[in-house]
Structures are given as C-alpha cells and as structure tokens.
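K.L.:
In order, the protein sequences belong to chains A and B.
With my numbering applied, the first sequence corresponds to residues 4 to 331, in that order.
With my numbering applied, the second sequence corresponds to residues 1166 to 1443, in that order.
Keep in mind the hints are simulated off the structure, nothing from the lab.
Some hints here could point you the wrong way.
Claimed, not checked - With beta-carbon atoms standing in for the labels, derived distance ranges:
(1) Q1379(B) / Y308(A): 46 to 56 Å
(2) M1297(B) / D138(A): 27 to 37 Å
(3) K1315(B) / T80(A): 39 to 49 Å
(4) A194(A) / G1292(B): 49 to 59 Å
(5) K200(A) / Q1379(B): 30 to 40 Å
(6) D138(A) / D1295(B): 47 to 57 Å
(7) V150(A) / S1242(B): 26 to 36 Å
(8) A194(A) / K1315(B): 10 to 20 Å
(9) D1295(B) / A191(A): 21 to 31 Å
(10) T80(A) / S1233(B): 44 to 54 Å
(11) S143(A) / D1295(B): 48 to 58 Å
(12) I184(A) / R1235(B): 37 to 47 Å
Unchecked claim - To be clear about the criterion: a stretch of chain A counts as covered by chain B if any three or more of its residues have a C-beta under 8 Å from a C-beta of chain B, and this derived list gives those stretches:
(13) 197-204
(14) 216-225
Remember, it's a predicted structure, so these values are computed and weren't measured experimentally.
Note that beta-carbon positions come from the ideal geometry of N, C-alpha and C, so glycine has one too.
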Amino acid sequence: MSDQLIYATEVILNGLMAGVLYALVALGFVLIYKASGIFNYAQGVMALFAAMTLVGIMNGQVPFAHLINAIFGAHITHFGWNVPALLAILMTMAVMVLMAWCVQHFVMRHLVGQEPIILFMATIGLAYFLEGVADLMWGSEIKTLDVGLPQGLNVWIDDTTYGIFGYGFFIDNLDIVATVIAAILVAALVAFSQYTKQGRAMRAVADDHQAALSVGISLSFIWVLVWSVAGFVALVAGIMWGTKSGVQFSLSLIALKALPVLMLGGFTSIPGAIVGGLIIGVGEKLFEFAIGPLVGGATENWFAYVLALIFLVFRPQGLFGEKIIERV
Amino acid sequence: MLDAANTTDVQVETLLEVNNIEVIYNHVILVLKGVSLSVPKGGITALLGGNGAGKTTTLKAISNLLHSERGEVTKGSVKYRGETIHELDPAALVKKGVIQVMEGRHCFEHLTVEENLLTGYYTRSSGKADMMRDLEMVYNYFPRLKERRKSQAGYTSGGEQQMVAIGRALMSKPETILLDEPSMGLAPQLVEEIFEIVRDLNEKEGVSFLLAEQNTNVALRFAHYGYILESGRVVMDGPAADLRENPDVKEFYLGMSDEGRKSFRDVRSYRRRKRWLS
Chain A
4 MSDQLIYATE
14 VILNGLMAGV
24 LYALVALGFV
34 LIYKASGIFN
44 YAQGVMALFA
54 AMTLVGIMNG
64 QVPFAHLINA
74 IFGAHITHFG
84 WNVPALLAIL
94 MTMAVMVLMA
104 WCVQHFVMRH
114 LVGQEPIILF
124 MATIGLAYFL
134 EGVADLMWGS
144 EIKTLDVGLP
154 QGLNVWIDDT
164 TYGIFGYGFF
174 IDNLDIVATV
184 IAAILVAALV
194 AFSQYTKQGR
204 AMRAVADDHQ
214 AALSVGISLS
224 FIWVLVWSVA
234 GFVALVAGIM
244 WGTKSGVQFS
254 LSLIALKALP
264 VLMLGGFTSI
274 PGAIVGGLII
284 GVGEKLFEFA
294 IGPLVGGATE
304 NWFAYVLALI
314 FLVFRPQGLF
324 GEKIIERV
Chain B
1166 MLDAANTTDV
1176 QVETLLEVNN
1186 IEVIYNHVIL
1196 VLKGVSLSVP
1206 KGGITALLGG
1216 NGAGKTTTLK
1226 AISNLLHSER
1236 GEVTKGSVKY
1246 RGETIHELDP
1256 AALVKKGVIQ
1266 VMEGRHCFEH
1276 LTVEENLLTG
1286 YYTRSSGKAD
1296 MMRDLEMVYN
1306 YFPRLKERRK
1316 SQAGYTSGGE
1326 QQMVAIGRAL
1336 MSKPETILLD
1346 EPSMGLAPQL
1356 VEEIFEIVRD
1366 LNEKEGVSFL
1376 LAEQNTNVAL
1386 RFAHYGYILE
1396 SGRVVMDGPA
1406 ADLRENPDVK
1416 EFYLGMSDEG
1426 RKSFRDVRSY
1436 RRRKRWLS
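Looking at chain A on its own, in the form it has when it is part of the complex:
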C-alpha cells in the first residue's frame, strides 16, 4: 500500500470516531424533535450541565456553594468526600430526570398547542437558564473529568498496523470506547422505541398529539420520558466530550456541530443522526487531509456547514428524514 493510502486510512478511522461523538449530540436533538416537534436548542447546554453535575458530584462539591457562602457568610466548598464514578453517573441521571420533569412542568406544559417557533424560543430561554444554573451550582472553572475511561494511544492497534504497513496508526482509546458505547446506546434506543409499549406511545405522540391524547396516552408523562432520555444521551455525550476536552462552558458549543449532522441525517431519524455524524466526521478529516494544505488549512471549521448547505439545496429532508406521507 502506498504511503498516501495508509495515511488516508488512518484519517478515515479517526474521522469515523470523531463522527460518533458528533452523532451522540445529534441523537439528543432527534429524540426530542421526533416526539414533540421541538427543536431543542438547549441540547448542547444539557450535555454541559450533565458533565458539570457529574464532575461536581464526583469531587464532592457543594452545589450552589457560592450562593450559600454569600448569603450565610460561610466558607464551604466541598463535602470532603469523593463519590465513585458509577454512583455519580446514576446520581447525575437522577438530576437529569428531575430537570426533565421541571422542563415539562414549568415550561412545556403551558405551551401545549403553541406554534413550533414559540416552543423553539422557549428552548433558547431554557438553554441560557440552564447555563446560568450550571454556573451557579458548580462554579465556572474548567474541570477535568475522569470516570475511568481508557485514554491515549491504543498500543495494540499501533503495533499491529506497524507490523502490517510499517506505519503505526494513532487511534485514541477513548474514541474506541465512545464508538462502542454509541453503538449500544443506539441499539437500545431503537429497541425501546420499536418494541415497548412506552416506545410505541412515544412514536404515537410524535405522529399526532391529539390522537395520542384521545387514546389515553398522557402527553406530560411521555414528554418527561423523552426529555429524560434526551438528558441521558446528553449525559453520555457530556462524559465523552468532557473526558476528551475538559468540562468547560465552550462544551455547549458542540451543539453547533450537531446542526450540520442533523441536516445531513434528517431531523427525525436515529440512524440518520449516526450516519450523518460519521459522514461529517470522515468528511471533514479527509477534506482537511487532502484539500486542506492547498487552501491553507483550518477547513474543519467550515467544511461541515458547507456540506449541510449543499444538502439543504438538494435534499432538504436529509438522507434518512421521514418522507412526508401524502396519499393521492
């Protein structure tokens, strides 16, 4: 194999794994959009919030410490214990479910039957509110997150490829773990929505709110469920991204990277989110590798958006978007 081809293969593999991380974020959007027709602008912030809560719990931080100290003149910051990763993840999940309930109870419930644009505006408000709450609860310092996922160069792949091609591939362990977890997550989500009663109800609600109500499906329950699942996906995405690049406020911007993924894959398709993520991941890495040097690099910043734009022109519903059923 020629050197160029070997390098390209490595680039593609890395692109695939980066794509999985994009897909994880996009997945959260798809879930809520499918079930309630709401484009949840706050999905990125939810990932941030989940990651911060997880770090906070693991480090035994006192939530709202600054607030408490300011009001009572105390100086507490930590409980003085560390919570094991698995328990902390479970506790964070409980927090996300609570958040889902609050979103439904205090925001969405009052907006039933409103225009989609109004619901969208509400999620923008929610995004800023949640960001503020995260700041107030856990402070704004950059933190590192380590839940025990393997990180760094995968030696086995490096050795094997070196043995075959005379060139060792650099593949991050974290990316491999992320891929496996994403695959499990997607399989679980698909199984849930296809084969369980609540999953069927979720899809029914997505199709027709009124009809779902009329057969006795409780919309508020389904929406809490959907927001909880989206919260869970946000938590997984938050763990992956947080471990990769630290838990900081810029984490919420990964939501922007999910947009082109959604345009490619379609807003309503779970497999679409995955394939869209992979295409964007591979596409931008490969483009940077092949064309980048010719145009001065940094193509990763805009490649995804241009690709999305092209898709919007030629196939607005995305690759896997739901066909609009129209009987003739």
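We have chain A already, so just place chain B on it with the hints.
P.N.:
Using the frame of chain A, we list chain B on its own:
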C-alpha cells in the same frame, strides 16, 4: 329544559349527561351557548348539524380534549354515571370507558396498522393474552385491517384509516365511544359499511355511541335518538324515527320538501322561528 331521558324508555340507564355547557376558546370565542344532552346505555345517539354548529366542540368538551386547543368549559356540567368528569384528563376518562374517535381519522401515520391498534391498549394492563384476544376481536369486525396489518397507516385508504381509528378505540374496551364525523370524505358505499359496523358493535358488544355527523340522512337511519345543533345550541331533539318525519328536518337537513325548492330568505326566517330548548 327538556330532559331526553323522559322521552325515551325510563328503564334505560343514562350513561352520559351533558348539562347546559358553555365552551369558550381562547377566553373570547363563545362556541357552545348552553348544550344539554344525554346518552343512554346501549344506544346510538346522533348529534346533527351543519358546519360550525358545535358538534365537535361538544364531543371534545365531553372527552376533555378541549384543553389542548385552548378551549374550556365555563358553565354547566358533564356527568358520566352521575360523576362529574370535566375535571378529569383524557387518560382517566379512557380508563372510565369513554373514548373519542376524532374527526378526520387521525391515525398515527408512521406506525403500522397493528401498532396503531395496539396504542389503543395503552391504558389497560390486563396482560398480553387479553391484548391478543381483543386484537383478534377488532380484526373480526374489520377483516380488511388484518390484511393490511403490516402497512404504515399513512399509506392506507381513507376508509381503512377510519376503521383503524375505530378499531384503536375498541382496544381500550370502551363503554361509550364518541364518534366524530365517521362519514367525512368517504364514498357512500364505505359510509354505509362503517355505519353497519357501528350498529354491529352497538348490538353485539354493547358499546354506546354518541355520534356527531353532518350526514343527517345516514345518521338518522342508524341512530336511536337525535339532537340537532345550530350555532352552539340544541334546537331540536327526539327519537330518530320522529326526526326523520319532521317536516323541518326533512326540509333543512334531508333536502326533501313537499313544496319544491325554498329560497334562502325562507331559510333565514326559519332561524328566527326555531325553538330554543336550552
């Protein structure tokens, strides 16, 4: 106020009693101006009237689907088996045995026919065997749905979608079905077929129906009792057979007249002399 139960057999138990309800949408639009009616157990009761008369609103006021459309019942009461129900949510009502089949069919388009039917089982939890038995019962009444069980409901014909909607309601084991405009957009032959099935369900399964329908002719042939709504008020009611013979009903709803065509001016004068019952 005229109580329908007095005019029908007193032995029959009244399931649903709507008492002088007023419905306002968006806090300003007054749609129902005092509607009263009652649905006896085991009967088919028709709610007739033209576009915008308030038939759908009446049904939604009963099934509590109004809330999601920013409508509310501001006066009067709705009672089911003597119990006030307009505070309940639709899910609780379905559990009590009252379910609405909405106008315009409203299938879950991306679910298969069978999945659509199964959503009707959502509020029940009597086990899988029970579910399969009821599914088989629905397929018995609608053999056509069995053939199409795996197709996406969005791709089935209008008649099949109406069958799906009724079958889905049946899966909740209802005592009363509020059926809204089943004839809408269907060929006359299909309308006939759907109504035959409604009568079958009424006779064999003992399901009571409150039927909102513009197609007065068909509705009065299958119903036992009828109410006629006009701009949010009940203007006439009586046993279906009587209504069919009533000269006003014949003229304004069935399009039959002894004196040939009427001019629109006479129609307007009818509105002035119509009787207010509630």
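K.L.:
Please go over all the hints and tell whether each is borne out by the structure.
P.N.:
Hints, verified against the model:
1. Judged by the Cβ atoms, the range 46 to 56 Å given for Q1379(B) and Y308(A) holds: they are separated by roughly 52 Å.
2. Distance hint for M1297(B) and D138(A): a CB-CB separation of about 53 Å, inconsistent with the stated range 27 to 37 Å.
3. Between K1315(B) and T80(A) the C-beta distance comes to about 60 Å, which lies outside the given range of 39 to 49 Å.
4. The hinted window of 49 to 59 Å between A194(A) and G1292(B) is violated, with their beta carbons roughly 22 Å apart.
5. Checked against the given bound of 30 to 40 Å, the beta carbons of K200(A) and Q1379(B), roughly 36 Å apart, stay inside it.
6. Taking 47 to 57 Å as the suggested C-beta distance range, the pair D138(A) and D1295(B) conforms, at roughly 52 Å.
7. Under the hint 26 to 36 Å, the C-beta atoms of V150(A) and S1242(B), about 57 Å apart, miss the expected range.
8. One distance hint, 10 to 20 Å for the beta-carbon pair A194(A) and K1315(B), holds here, with the actual separation near 19 Å.
9. Remark: the range hint 21 to 31 Å for D1295(B) to A191(A) is upheld by a beta-carbon distance near 28 Å.
10. For the pair T80(A) and S1233(B), the beta carbons lie near 46 Å from each other, so the given range of 44 to 54 Å is met.
11. Taking the beta carbon of each, S143(A) and D1295(B) are about 56 Å apart, inside 48 to 58 Å as hinted.
12. Range check, I184(A) to R1235(B): Cβ separation about 43 Å, and the 37 to 47 Å hint holds.
13. Look at the stretch 197-204 of chain A against chain B: 3 of its residues bring a Cβ nearer than 8 Å to a Cβ of that chain, three or more, so the hint holds.
14. Counting residues of the stretch 216-225 of chain A whose beta carbon lies closer than 8 Å to any beta carbon of chain B gives 7, which meets the minimum of three for the stated coverage.
Against the hints set out earlier in the document, violations occur for numbers 2, 3, 4, 7.
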